[in-house]
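Trainee: Sequence:
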Amino acid sequence: MKPLNDNTDPLERFSILLYYVVDLLESFAQNFTELHEYVSKSVENIPPNLMDKEKLCRTLNIAERTLYRIIKEYDIPVHQLGKRNYFYWEEVEKCLSRKNT
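Taken in order, the sequence shown gives residues 189 to 289; the numbers are from the numbering used here.
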């Protein structure tokens, strides 16, 4: 591609810049598509009976800070997938009922 300088015709400069923008957008679209496919495959691998911390907090009707305290106090198993923590509801129920008996 032809380098831009002060002597370049304005229309030609615009055309060159537009070409660069289109090239960058095509590259971005390709990277976005690859990322979307990767995330979709990752989500498919999460078993349906796993709950993230947000869903577990809503289910137990507690704050996130309380969840962390309960995890320690009741020795609730935490399963890590990637960088996120998940919980099996059956394990949570079992730990909570075991401690209460």
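These are calculated hints, taken from the structure and not from any lab test. Wrong hints could be hidden among the right ones.
[Stated by the list, open to error] Cβ pair distances, simulated, as ranges:
no., residue 1, residue 2, range
1, L206, K243, 31 to 37 Å
2, F216, E261, 31 to 37 Å
3, L238, L205, 47 to 53 Å
4, L284, L213, 48 to 54 Å
5, L238, I204, 50 to 56 Å
6, K282, A251, 40 to 46 Å
7, L212, D240, 40 to 46 Å
8, Y207, Y256, 30 to 36 Å
9, E242, D197, 42 to 48 Å
[To be verified] List time: in silico EDC-like cross-link candidates among lysine to aspartate or glutamate, alpha-carbon distance up to 20 Å:
no., residue 1, residue 2
10, K241, D211
11, K243, E225
12, K282, D240
Every residue, glycine too, gets a C-beta built ideally from N, C-alpha and C.
Trainee: Work down the list of hints and note, for each, if the structure agrees.
Mentor: Each hint tested on the structure:
Our hint of 31 to 37 Å for L206 and K243 is violated, since their Cβ atoms are close to 46 Å apart. The hinted range of 31 to 37 Å is not satisfied by F216 and E261, whose Cβ atoms lie roughly 47 Å apart. Evaluation of the 47 to 53 Å hint for L238 and L205 yields a pass: the beta carbon distance comes to about 48 Å. Range check, L284 to L213: about 51 Å between beta-carbon atoms, so the 48 to 54 Å window is met.
For the hinted restraint 50 to 56 Å between L238 and I204, the CB-CB distance of approximately 51 Å keeps it satisfied. K282 and A251 have their C-beta atoms about 22 Å apart, which leaves the hinted 40 to 46 Å range violated. L212 and D240 have their C-beta atoms about 35 Å apart, which leaves the hinted 40 to 46 Å range violated. The supplied range of 30 to 36 Å is broken by Y207 and Y256, whose beta-carbon atoms lie about 52 Å from each other.
In this structure the supplied range 42 to 48 Å is violated for E242 paired with D197, their Cβ-Cβ distance being about 56 Å. A C-alpha spacing of about 41 Å is found between K241 and D211, which places the hinted pair above 20 Å, so the restraint is violated. Distance check on the hinted pair: K243 and E225 sit about 24 Å apart at the alpha-carbon level, beyond 20 Å; violated. Taking the CA atoms of K282 and D240, the gap is near 17 Å; set against the 20 Å cutoff, the hint holds.
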